[in-house]
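**Student:** So the chains spell out like this:
Protein chains: 2
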Amino acid sequence: MSALEITARHRVHGGELCYARHDSAATGTAMKLSVFLPPGEGPFPYVIWLSGLTCTEENFTAKAGAYGVAARLGLAIVAPDTSPRGEGVADDPAYDLGQGAGFYVDATQDPWAPHFQMETYVTRDLIAAVEAVLPLDGERRGVFGHSMGGHGALTLALRHPQLFRSVSAFAPIGSPTRCPWGEKAFTAYLGEDRGAWAAHDACLLIEAGVGEGRFDGILVDQGLADGFLETQLKPELLEAACRAAGQRLTLNRREGYDHSYFFITSFMAGHLDWHMKRLGKSRVNSRVPTALF
Amino acid sequence: MSALEITARHRVHGGELCYARHDSAATGTAMKLSVFLPPGEGPFPYVIWLSGLTCTEENFTAKAGAYGVAARLGLAIVAPDTSPRGEGVADDPAYDLGQGAGFYVDATQDPWAPHFQMETYVTRDLIAAVEAVLPLDGERRGVFGHSMGGHGALTLALRHPQLFRSVSAFAPIGSPTRCPWGEKAFTAYLGEDRGAWAAHDACLLIEAGVGEGRFDGILVDQGLADGFLETQLKPELLEAACRAAGQRLTLNRREGYDHSYFFITSFMAGHLDWHMKRLGKSRVNSRVPTALF
Numbered sequence: 000m001s002a003l004e005i006t007a008r009h010r011v012h013g014g015e016l017c018y019a020r021h022d023s024a025a026t027g028t029a030m031k032l033s034v035f036l037p038p039g040e041g042p043f044p045y046v047i048w049l050s051g052l053t054c055t056e057e058n059f060t061a062k063a064g065a066y067g068v069a070a071r072l073g074l075a076i077v078a079p080d081t082s083p084r085g086e087g088v089a090d091d092p093a094y095d096l097g098q099g100a101g102f103y104v105d106a107t108q109d110p111w112a113p114h115f116q117m118e119t120y121v122t123r124d125l126i127a128a129v130e131a132v133l134p135l136d137g138e139r140r141g142v143f144g145h146s147m148g149g150h151g152a153l154t155l156a157l158r159h160p161q162l163f164r165s166v167s168a169f170a171p172i173g174s175p176t177r178c179p180w181g182e183k184a185f186t187a188y189l190g191e192d193r194g195a196w197a198a199h200d201a202c203l204l205i206e207a208g209v210g211e212g213r214f215d216g217i218l219v220d221q222g223l224a225d226g227f228l229e230t231q232l233k234p235e236l237l238e239a240a241c242r243a244a245g246q247r248l249t250l251n252r253r254e255g256y257d258h259s260y261f262f263i264t265s266f267m268a269g270h271l272d273w274h275m276k277r278l279g280k281s282r283v284n285s286r287v288p289t290a291l292f
Numbered sequence: 000m001s002a003l004e005i006t007a008r009h010r011v012h013g014g015e016l017c018y019a020r021h022d023s024a025a026t027g028t029a030m031k032l033s034v035f036l037p038p039g040e041g042p043f044p045y046v047i048w049l050s051g052l053t054c055t056e057e058n059f060t061a062k063a064g065a066y067g068v069a070a071r072l073g074l075a076i077v078a079p080d081t082s083p084r085g086e087g088v089a090d091d092p093a094y095d096l097g098q099g100a101g102f103y104v105d106a107t108q109d110p111w112a113p114h115f116q117m118e119t120y121v122t123r124d125l126i127a128a129v130e131a132v133l134p135l136d137g138e139r140r141g142v143f144g145h146s147m148g149g150h151g152a153l154t155l156a157l158r159h160p161q162l163f164r165s166v167s168a169f170a171p172i173g174s175p176t177r178c179p180w181g182e183k184a185f186t187a188y189l190g191e192d193r194g195a196w197a198a199h200d201a202c203l204l205i206e207a208g209v210g211e212g213r214f215d216g217i218l219v220d221q222g223l224a225d226g227f228l229e230t231q232l233k234p235e236l237l238e239a240a241c242r243a244a245g246q247r248l249t250l251n252r253r254e255g256y257d258h259s260y261f262f263i264t265s266f267m268a269g270h271l272d273w274h275m276k277r278l279g280k281s282r283v284n285s286r287v288p289t290a291l292f
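From first to last, the protein sequence lines stand for chains W and D. Residue numbers for the first sequence follow numbering that gives the first Met the number 0, so the first one is 0 and each next one is one higher. Residue numbers for the second sequence follow numbering that gives the first Met the number 0, so the first one is 0 and each next one is one higher.
Chain W extracted, bound-state conformation (with noise of 0.2 angstroms):
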């Protein structure tokens, strides 16, 4: 672990975003990523976002739309890549596995292991280096994500309750141990046997319970001109498994949207919104009246 490192600054809506660079033990590797702070002092709440397949640190900066809403919000964002990279590090030509696709586990297959442990950089690595020289505020910490990203936005959550006060996510793969995308890298990630695969899985933890009376809600928005929504995102799977464990699920079906980030955008501030609401009022805002009076 090295401190992290911030390697460029942007103002933005009148908030500041900035490109910075950490080496996790998890994974080995140097790892990217960005952090929007809003306007003031902070400690502020705070999201991470978890992106999704051939994403890097840089998508969701350009493209979410999101630091308009967040400022006024008073809400911080931060981004990681979505694997490590470099060279030492595996890697395969397709899309969907290897650099740029880390699905958020921790690897335990050759040639992966090394440095795929993405579940542990973000609910370790990550947030020690970001709230260790920047004003987040660790008691109030949500998760969100795209795709892979809300699959892994989903299982981290309820993996680690303890780390996340809200979750949500955009076109979630629901399930994917009944898909495409989560088998094959679930088989690469995990090995074949499917009895590892359930852990990470966000509709078996529910229906396992993991998590239960956590999260007093989950918030989905998925599009229905989503090229991708039959065969690998089955939100359908996701509604029937927090029905049968009565957990409270937000599911906005978006006719005529589809995969992309003018999806996210459009909803982008619904998300942000519901966020604020559970991570509350800055400490920091609500202590000035206490000290002044």
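By construction, these hints were calculated from the structure, which means they are not laboratory data. Please note: incorrect hints may appear among the correct ones.
[What the hints assert, rightly or not] Only pairs whose alpha carbons sit at most 20 angstroms apart, straight line, appear in this in silico SDA-like list of lysine to any residue:
1) 62(D) / 58(W)
2) 62(D) / 87(W)
3) 62(W) / 264(D)
4) 31(W) / 15(W)
5) 62(D) / 266(W)
6) 62(D) / 89(W)
With chain W held as given, fit chain D onto it using these hints.
**Tutor:** Below, chain D without anything else, positioned relative to chain W:
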């Protein structure tokens, strides 16, 4: 000229983003562009966005964060590519000349003249192509842009005031005859004779009274942490020209903002609102009460 062909459609913020192509007689090439149509029937007032160096028809679509506001305003946005492209089209390895750097002028010099006819492309072929098939109101058309495209917006509006009812710019090249980017491009496209340059320099056009009285104001936003501010953009020249000519200019100097799309997206809403105020209410909407009562 061929008819506009829509190559991709994305629902965004309740409207539709279309990528399109057509063959331009002016450039003698296929040209790509994007069009955002807000929800509703149209015909919609619209603004043409002219991008900066190295951009294509895609940068604005992904990075500007404009469509949520445009959807609420009922404003369409057309964003062309920044130059002709392809095999047989002259190019230069530098980022600031050739493909991706058309400067919105009609080149008179070899090897550029055969295809680099971007002024005629935008003011004739682009407008004709989009208005022929899309619900755009040719009587309510504005123009804006960034950097090289800010220069383009200012000069095309001044040179063709009958085409545009509103004009604004983000970090425009204020006076291309007096900065390295402009001097290099104008030498290449327009020749060594500086006498031919003046007709494409916003400051010199304003000082000469071209377009006088046709625009009730010009809106410019400029970041003060912009690395090109002093060497290339020089808003003080534009300010002086407008003052001398009695042209109203709203020049917002923005502390801490750089030359990137993070700056653009931060002040996009204000620019769209500026144009909408000058392009008026939708004739369709204003007709509704007349028809009903």
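**Student:** The structure should be examined with respect to each hint, and the outcome stated for every one.
**Tutor:** For each hint, the structure was consulted:
no.	hint	in the structure
1	62(D) / 58(W)	holds, 10 angstroms
2	62(D) / 87(W)	violated, 33 angstroms
3	62(W) / 264(D)	holds, 11 angstroms
4	31(W) / 15(W)	holds, 17 angstroms
5	62(D) / 266(W)	holds, 16 angstroms
6	62(D) / 89(W)	violated, 32 angstroms
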